[in-house]
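Given these sequences and hints, build the entire structure.
Those protein sequences? They're chains A and B, same order as listed.
Per the working numbering, residue 1 is the first one in the first sequence, and the count goes up by one each step.
Per the working numbering, residue 1 is the first one in the second sequence, and the count goes up by one each step.
Hints listed in this document are in silico derivations from the structure and should not be mistaken for laboratory results.
Everything numeric in this text was worked out from a predicted model, so none of it was measured.
Quick reminder that beta carbons are idealized off the backbone N, C-alpha and C, glycines included.
Below, in silico cross-link-like pairs of lysine-lysine (DSSO-like), each with a Cα-Cα straight-line distance of 27 Å or less: (1) K47(A) x K132(B); (2) K102(B) x K47(A); (3) K45(A) x K30(B); (4) K129(B) x K45(A); (5) K45(A) x K132(B); (6) K107(B) x K45(A); (7) K102(B) x K45(A); (8) K78(B) x K47(A).
Calculated from the model, a selection of chain A residues having no Cβ within reach of chain B, i.e. all distances over 10 Å: (9) E17; (10) Y21; (11) E62.
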Amino acid sequence: MPTTPESENQTAAPPAERLAYSVQEAADLLGINYYTMYRLIQRQKLKTCRVLRGKLLVPRTELLQLLQVELR
Amino acid sequence: MNYYERPTPLQEAAYAEARQHFGEHLKQFKVECESLHNLERNLTVTANDAFKAAQQSSGRLVRTDDGTEWQHGVELMKNVFLCHRRAAGGLEFAAVESVPLKTHGIKEVLNSGPHVGEVLRTFASDQRKVFKLWKDDVTAQVNEYVGEKYPHQDMTIVTESFEIKLARAISERPAQTQNQNRGIRI
Numbered sequence: 001m002p003t004t005p006e007s008e009n010q011t012a013a014p015p016a017e018r019l020a021y022s023v024q025e026a027a028d029l030l031g032i033n034y035y036t037m038y039r040l041i042q043r044q045k046l047k048t049c050r051v052l053r054g055k056l057l058v059p060r061t062e063l064l065q066l067l068q069v070e071l072r
Numbered sequence: 001m002n003y004y005e006r007p008t009p010l011q012e013a014a015y016a017e018a019r020q021h022f023g024e025h026l027k028q029f030k031v032e033c034e035s036l037h038n039l040e041r042n043l044t045v046t047a048n049d050a051f052k053a054a055q056q057s058s059g060r061l062v063r064t065d066d067g068t069e070w071q072h073g074v075e076l077m078k079n080v081f082l083c084h085r086r087a088a089g090g091l092e093f094a095a096v097e098s099v100p101l102k103t104h105g106i107k108e109v110l111n112s113g114p115h116v117g118e119v120l121r122t123f124a125s126d127q128r129k130v131f132k133l134w135k136d137d138v139t140a141q142v143n144e145y146v147g148e149k150y151p152h153q154d155m156t157i158v159t160e161s162f163e164i165k166l167a168r169a170i171s172e173r174p175a176q177t178q179n180q181n182r183g184i185r186i
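Have a look at this one:
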């Protein structure tokens, strides 16, 4: 079935960037294990926020900052 | 809520689902807790071995992010090593974390001091705080997970069962009674 340019554009549209990730997702993005992630959080190398039920979220900006610091 | 009540079939099902969903978390938690317990059990032996190794000045050099150089020693836990160096006042020991990120990674001194036993004890104590943070976060995630899967149902018993399981893994206490588990086999 032929696709219109409009539908192609819709398919190709990038997903909206997440503002924050769970610790598990952040660990996967950085390629490190959960324990190392929690150690970084405990030492405040990564700042987190808590959502309603108390779950930790790592802001995307924190992950980028960690990598930028590392890439210096 | 009756603290001694049995879980309902729905709560049992929610527990099983959550356990499967968080299986990797639980597995890693248990493995890392066991590493900490091993370290605590063998603290004196590790301290003595590290002291002897330090006197011989063996080990490859590691430069930490603060610019200091240490000689690499034994692995304490995943990505953490006991290192030593000769300082003005004599031998100095440090727990050094090496996080392998995309390029060179993070190499940071977690804690240091002249007494190797004290460095190990402080490190172990700090790791217990990390496990507490981890436990609280997993419990919150379980709470969110069962809350979304089973809206308008009381799943407190499920969340608490996970919390007890994780707390027990940290404390390494002997098994508790069935009543304290509130009926769910953990």
